[in-house]
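J.: From the two separate chains plus the hints, produce the assembled complex.
As you go down the protein sequences, you meet chains A and B in turn. The working numbering puts the first sequence at residues 36 to 695. The working numbering puts the second sequence at residues 178 to 335.
It is worth saying that the hints were derived from the structure and are not from the lab. Among the hints, a few may not be true.
[Unchecked claim] Straight-line alpha carbon distances no greater than 20 Å define the calculated SDA-like cross-link-like pairs of lysine to any residue that follow:
{"hint": "1", "chain 1": "A", "residue 1": "LYS449", "chain 2": "B", "residue 2": "ARG180"}
{"hint": "2", "chain 1": "A", "residue 1": "LYS417", "chain 2": "A", "residue 2": "TYR406"}
{"hint": "3", "chain 1": "A", "residue 1": "LYS449", "chain 2": "A", "residue 2": "ALA236"}
{"hint": "4", "chain 1": "B", "residue 1": "LYS222", "chain 2": "A", "residue 2": "GLU416"}
{"hint": "5", "chain 1": "A", "residue 1": "LYS302", "chain 2": "A", "residue 2": "ARG240"}
{"hint": "6", "chain 1": "A", "residue 1": "LYS417", "chain 2": "B", "residue 2": "VAL249"}
{"hint": "7", "chain 1": "A", "residue 1": "LYS417", "chain 2": "B", "residue 2": "THR217"}
{"hint": "8", "chain 1": "B", "residue 1": "LYS237", "chain 2": "B", "residue 2": "THR217"}
{"hint": "9", "chain 1": "A", "residue 1": "LYS639", "chain 2": "B", "residue 2": "LEU271"}
{"hint": "10", "chain 1": "A", "residue 1": "LYS449", "chain 2": "A", "residue 2": "ARG303"}
{"hint": "11", "chain 1": "A", "residue 1": "LYS372", "chain 2": "B", "residue 2": "ARG184"}
{"hint": "12", "chain 1": "B", "residue 1": "LYS222", "chain 2": "A", "residue 2": "ILE418"}
{"hint": "13", "chain 1": "A", "residue 1": "LYS639", "chain 2": "B", "residue 2": "ASN245"}
{"hint": "14", "chain 1": "A", "residue 1": "LYS449", "chain 2": "A", "residue 2": "ILE357"}
{"hint": "15", "chain 1": "A", "residue 1": "LYS639", "chain 2": "B", "residue 2": "ASP246"}
{"hint": "16", "chain 1": "A", "residue 1": "LYS449", "chain 2": "B", "residue 2": "THR217"}
[Claimed, not checked] Examples of chain A residues lying across from chain B (beta carbon under 7 Å, computed):
{"hint": "17", "residue": "THR428"}
{"hint": "18", "residue": "ALA430"}
{"hint": "19", "residue": "PRO431"}
{"hint": "20", "residue": "GLU558"}
{"hint": "21", "residue": "GLY562"}
{"hint": "22", "residue": "THR619"}
{"hint": "23", "residue": "THR621"}
Heads up, the beta-carbon is just placed ideally off N, CA and C, and yes, glycines get one too.
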Amino acid sequence: MISELGHYALILALCLALVQSCVPIIGARRNDPVLMSVAPSTAIVQFAFVAISFAALIGCYVRSDFSLVNVFENSHSAKPLIYKITGVWGNHEGSMLLWVFILSLFGALVAAFGGNLPVRLKARVLAVQSWVAAAFYLFILITSNPFLRIAQPPLEGRDLNPILQDPGLAIHPPLLYGGYVGLSISFSFAVAALIEGRIDAAWARWVRPWTLLAWVFLTLGIAMGSYWAYYTLGWGGWWFWDPVENASFMPWLAATALLHSALVMEKRDALKVWTVLLAIIAFSLSLIGTFLVRSGVLTSVHAFASDPTRGVFILAILVLFIGGALLLFAARAPLLKQGGLFAPVSREGALVLNNLFLVSACGTVLVGTLYPLALEALTGEKISVGAPFFNATFAPLFVPILIAVPFGPLLAWKRGDLLGVAQRLTYAAAIAAITSAVIFAMEGGGPVLAPFGIGLALFVMTGALTGIVERMGLLRVPLATAMARARGLPRSTWGAALAHFGLGVALLGIIGETQWSIERIAELRPGQTISVRSYDLIFDDITTRQGPNYRELAAHFTVRHQGQVIGAMEPAKRDFPSRGTATTETALMTMGLSQIYLALGEMKADASVAVRLYYKPLVLLIWIGPIAMAIGGALSLSDRRLRVGAPKPARSRRVLAPAE
Amino acid sequence: MTRRQRRLTLIAGALLVLAFSAALVLIALKDSIVFFNSPTDLVQKHVEPGQRVRIGGLVKEGSLSRSNDLAVHFEVTDGANSVAVAYRGLLPDLFREGQGVIAEGVLDGHGMFLADSVLAKHDETYMPKEVAEALKKQGHWKEDYQKKIGAIPAGKGP
Chain A
36 MISELGHYAL ILALCLALVQ SCVPIIGARR NDPVLMSVAP STAIVQFAFV
86 AISFAALIGC YVRSDFSLVN VFENSHSAKP LIYKITGVWG NHEGSMLLWV
136 FILSLFGALV AAFGGNLPVR LKARVLAVQS WVAAAFYLFI LITSNPFLRI
186 AQPPLEGRDL NPILQDPGLA IHPPLLYGGY VGLSISFSFA VAALIEGRID
236 AAWARWVRPW TLLAWVFLTL GIAMGSYWAY YTLGWGGWWF WDPVENASFM
286 PWLAATALLH SALVMEKRDA LKVWTVLLAI IAFSLSLIGT FLVRSGVLTS
336 VHAFASDPTR GVFILAILVL FIGGALLLFA ARAPLLKQGG LFAPVSREGA
386 LVLNNLFLVS ACGTVLVGTL YPLALEALTG EKISVGAPFF NATFAPLFVP
436 ILIAVPFGPL LAWKRGDLLG VAQRLTYAAA IAAITSAVIF AMEGGGPVLA
486 PFGIGLALFV MTGALTGIVE RMGLLRVPLA TAMARARGLP RSTWGAALAH
536 FGLGVALLGI IGETQWSIER IAELRPGQTI SVRSYDLIFD DITTRQGPNY
586 RELAAHFTVR HQGQVIGAME PAKRDFPSRG TATTETALMT MGLSQIYLAL
636 GEMKADASVA VRLYYKPLVL LIWIGPIAMA IGGALSLSDR RLRVGAPKPA
686 RSRRVLAPAE
Chain B
178 MTRRQRRLTL IAGALLVLAF SAALVLIALK DSIVFFNSPT DLVQKHVEPG
228 QRVRIGGLVK EGSLSRSNDL AVHFEVTDGA NSVAVAYRGL LPDLFREGQG
278 VIAEGVLDGH GMFLADSVLA KHDETYMPKE VAEALKKQGH WKEDYQKKIG
328 AIPAGKGP
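The following block holds chain B by itself, in its conformation from the complex (with noise of 0.2 Å):
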């Protein structure tokens, strides 16, 4: 092999590479990529049923409802809309009425959310930044939990 062509091989198989994780990764980001939004964002964009979306707000106060074989329905609200979960299996620890929780799972046919996977915050502090931001938008961004960040530091004494 001349010097020539043996660069040509290289620069060849280098460029077939990239070429290759390239469309890789345009194929993978069409199709294995979930949106995230608010119960609002699910009324006016209608989002089709079937299709994986993430969604997050709060879990409304008193919608929690738990029935046999680990089965849970809940609200998740930013404050204007509010949309009907169903999951079933172990909810995170954090996981409580009027707290943060991000979804993921798909729309049925009858507004009611499937969850298969349900997150929620990881400490008292920590409110999910899409969380947040939808909230927000909505103007129900609660003074109360900004104080509540905000107060921390003056003590939470012993």
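So that you can see chain A by itself, here it is in the shape it has in the complex (with noise of 0.2 Å):
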């Protein structure tokens, strides 16, 4: 009874979808209000359909309602409360209803809080976002029914998959579908603005929100499954530029590119068409990362199944929305009023640069994702494209961002004087090169890829905080006014040198766990020692557990630094009877920003087992970078200037705002 209210909740929301996709672009058309006016209350409705149809599985999943098909599948009676509810979203059915429920919820949203949007533009872009729900509603209905009965019912569930039975699962999938779906509002922005065949700085300071909340959602989501890849696959890597991960950093790279390049349209009425490009492009790579993760041409953790019908089917809903979008593109965007051109030597300038090489290394990531199934499909070749291609294209094309991070905002509109910025980065240029120096010189020689990565990562820190200093007029000025100006200071400059800070922090964690981890293999017996920089493992003994779902056998391990017990560490195997497989449980000791990573092997009959063991140094600081950055988003979102639904300023105010 539950499942088909949810599976009726879904075609209620259907219908609405089909209605706002097409009266409020007549009303618009015809400047009939109340035409206009049906979108924002379908919309919400629409959202109170799908949040009905999603409640519906998640009751169906926490009875173990086993004459679903889709809860068959994938949950089990004995299955942990959580596992229950997460696993909704941990098969390709659910997944996809998460999917729709975050695109209705955007919808929803734009139109409550989109009170400030001119009515038209209001209505055109609630119809837009219909269109694209309408498309996978139907994808859902026709070719992925959660809802689907089982004639007889069996007694027990096939389980969830159990390398998804993780906390992650809770958090990863709802994060990056945020970012993901959110990135949609900023498309359907850009497609009612080129059908209305208008556009202005204004609409860029109503896209630049939504484009921020969704970059927020996106970096924490990567971040979050970089990290749950690391502790659950048991190889201690945490990025493998598996094209899945591509598929989620593309959007990334585009997004991040759009908010830069909003900022440009937004104060200086300029890069117009080519702000509304990168927004068709940053939901284009998203709806291309769906396809690609959940048509089966890949084959991941993350496919879940292949079904070929499925495949076309997001394949035609992906070639109509970017076909579509980008032929009304090409039609209209010589009709937008081009804006000014600018000095090289600018804020904007440098936002170009930003842009350029942003857009460049996502393209690189794209051709690396791409060409190995273009040339199977064509030719019949297998190949794999993995790290040393994405290493030898990707890093090169980032360096020059990097080093251009700190210039940026330091860089006065209109025109810049690159001297004086340079002189102001003086300080900061200073402890790169000593530290870069102090790190060579430490390391004896060797590759010089450590010491300049942290020289880099250290200036684009150094730098980050140079702006706020400089801002405040510290050392300049006496500490109190120094402190009243950086209350004074807007949030999004907080938020923003915040995030160029987290990029940096990103960096220097990225570059010490490649450059310095340390990784030991050994087989152990009860009693043995394995050792890793002055840290002593002391093999104990194993110790059987039982599970609520799976049986475990633990290694109990004994750490000592320099001979005093520090901690003890237990990675396990677990051994999921209802599907017949093994995962591995790593376990991690984290001292400072830096972890100790231990992980099972085989165990033989004799007692003895295999362990990889490694030292990462400031690993840590891999997800705390991306967390800075996000929380540099959210404050700058905060902002009352970009809040959501916030009035506009009045114009006298924003003259007197201070320049970004």
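T.: This is the structure we're talking about:
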């Protein structure tokens, strides 16, 4: 009964989406306020119906209703409650339902908080949003319906893939989808603007908070996914340049570029056409990501099921929306009034440079991700494009961005003074250079990548601080004045500085982990010791434990640091009888920003066990960096001048507000 | 700077970055991609020793032997041909004889494949696509494996 309710609610949501797809568009064309006012109400009710549908599926999972194929295939009555709930999106059908849930949520948010939007733009944005929603409702109902019944319900379910039975499943997909799907709003704004044939700086002001919100989610989602892969796969890696990871990384790069170009458009009324194109590209990459992950063209833990009709359907959606939007762009872009040009050395110029490199980097990732698929389709030759390719292409393109990051916020709009900025960055550059030299000397020569990378990371970090220090006038004016100025700085300035600082932090972690990580593998008998740096791990014994739906073999290790016992680590192997599979549970010990990472290999009958041990210096910074970036984004989002729904500041105030 | 000059600077800069990234991609595509081969391909294509390749197939039944210091030897087969693989390290959880596997590494001069990474499937229903296709090509796509996939919805009860 609950499932029928959910099924029915989803069909009603589709009907509403179809209404919302056409009525407001006609209303906007005829300038009919009644027809246009349909959009906000349908968007909110549509969200309510999808929420009912989603809640119904969760209900079926919680009650272990195995009369649903979807629940039977992905749940088990002995599974802990949290995995019953998160298991809802741990499979293809459920994850698509989460996708449309978030999509309709964003639509409802625009309807509810878009009060300051011009009526016609709002009607069109919501209509475009509804086209996307309708396509995905149809996709779910036709090819991936989670509410299908089994005639004779089995007594027990097949359980969720054990790899997914992890708290990460509760956090990673919703965050990532918040980002993926959130970009649909920027897309809808772009398409609505193209339909309208008119675009101005105010448009960028409305789009930027939504893009920023999606970007914050995407940043956190990618970072969370990376940490999950790190602790669950047992290889100590945190980024594999896997197509599925790239699928989330490309929209992130495009969204980052979009945030910066929208800034130029908002402040200087320039780069309009480019910004609209980027908004289309960013969501197109999200759709490509959805296609890659959900269609079964790739085999990975993310590709839950490969059913050719699904792939074809998503491909059709992809072609329709990307092709349609690009055609519309080609037809309408020349009509958009071009903004002014500007000097190469200026804040705008720096942001263009940022865009150029970000988009190029994104392009290389796209080539590396799609080339194997294209080659296989055309020639049948199978290749794998892995880390070496991306290291050789992505890294050289990202280094110029990192060098430019501290310069950007210090340059003035319109006409910047590069020499002056360079002077202000002297301290930052000096700190970076001295640290590099010290590290180079400590390493005794050797590869220059580590000292260079650390220096670059410090330059980005201190450069971000320099911007704030300069604005406060610290060391130049009395401390009290500086503090007062700091309070007076707009939150978006703090946000941008924090996000740039986070970028440097992440780089520091990446260099530390990749350059100085130490790996040890060994076969140990009880009583034997394995050592890394000054840490000794003594293998005590193996114990067997019974979990709710698995059996666990845990190896107990005592960790000593220079003779002192500092703790214990218990890596384990879990055996899931319902799926006949096993997972490796790594043990982590955190010391400051570094970690000891211990994973089990095979266990032999004579009680010996193979282990893989890593010492990973600075590894936590890899994820602290993105968290700082996301907090920076959130801080910027809370800025009054950007806040969703905040009234437009009066013109006189805008002139008085400090330039960013 | 005149308007025209500014526009030209912008376009020239964009083209420069584009050319740079295109060059990077082309160089990297030449040097750092890894071809996938079945054991039969290895025999037929004369893969040079020292060239990085991926191989995939089933772990031959009874071929797995372990020696001290975590050294492992096994054979990967696609039914028609097989290749001996040497690996040192921890094998993935789902590495079993008779199951699909992908290994990356180089051939030495004596036809032994020195693997530096070994990947097995993610769960019991997943077979690496490359492996499945390599097996199908050799006509050794196991019927029973397919049946197993087909049989799952019918109930693998408690």
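J.: All hints, please: hold or fail.
T.: Hints, verified against the model:
For a cut-off of 20 Å, the pair hint linking LYS449/A to ARG180/B stands: about 13 Å separates their Cα positions. Taking the CA atoms of LYS417/A and TYR406/A, the gap is near 10 Å; set against the 20 Å cutoff, the hint holds. Simply put, LYS449/A and ALA236/A have alpha-carbon atoms about 16 Å apart, close enough for the 20 Å limit, and the pair holds. Our distance criterion of 20 Å between C-alpha atoms is met by LYS222/B and GLU416/A, whose separation comes to about 12 Å.
For the hint linking LYS302/A to ARG240/A, the alpha-carbon distance of about 9 Å falls within 20 Å, and the restraint holds. For the hint pairing LYS417/A with VAL249/B, the CA-to-CA distance comes to about 26 Å; that exceeds 20 Å, so the pair is violated. About 14 Å separates the Cα atoms of LYS417/A and THR217/B, which keeps this hinted pair within 20 Å; it holds. Of the pairs offered as hints, the one joining LYS237/B and THR217/B holds, with about 14 Å between alpha carbons and a cut-off of 20 Å not exceeded.
Proximity of LYS639/A to LEU271/B is assessed by CA-CA distance (about 16 Å); at most 20 Å being required, the pair is judged to hold. This hinted pair checks out: LYS449/A and ARG303/A have alpha carbons roughly 8 Å apart, not beyond 20 Å. For the given pair, LYS372/A sits about 16 Å from ARG184/B by alpha-carbon distance, which is consistent with the 20 Å threshold. With a C-alpha separation of about 15 Å, the suggested pair LYS222/B and ILE418/A falls inside the 20 Å cut-off, and the hint holds.
Of the supplied pair hints, the one linking LYS639/A and ASN245/B holds, its CA atoms being roughly 12 Å apart against a limit of 20 Å. As the CA atoms of LYS449/A and ILE357/A are separated by approximately 34 Å, the hinted pair breaks the 20 Å bound. Taken as a hint, the LYS639/A and ASP246/B pair is honoured in the structure, with Cα atoms around 13 Å apart against an allowance of 20 Å. Proximity of LYS449/A to THR217/B is assessed by CA-CA distance (about 64 Å); at most 20 Å being required, the pair is judged violated.
Hint status for THR428/A relative to chain B: holds, with the closest Cβ pair at about 4 Å, below 7 Å. Annotation: ALA430/A was flagged as interfacial toward chain B, and the flag is violated, the nearest CB pair being 9 Å apart, outside 7 Å. Interface hint status for PRO431/A: upheld, as the beta-carbon distance to the closest one in chain B is roughly 6 Å, under 7 Å. This hint holds: GLU558/A has a C-beta 6 Å from the nearest C-beta of chain B, less than the 7 Å allowed.
At about 18 Å, the closest approach between the beta carbon of GLY562/A and any beta carbon in chain B exceeds 7 Å, and the interface hint on this residue is violated. This hint holds: THR619/A has a C-beta 6 Å from the nearest C-beta of chain B, less than the 7 Å allowed. The restraint placing THR621/A at the interface with chain B is violated, with a minimum CB-CB distance near 12 Å, outside the 7 Å limit.
Comparing the model with each earlier hint shows violations of hints 6, 14, 16, 18, 21, 23; every other hint is respected.
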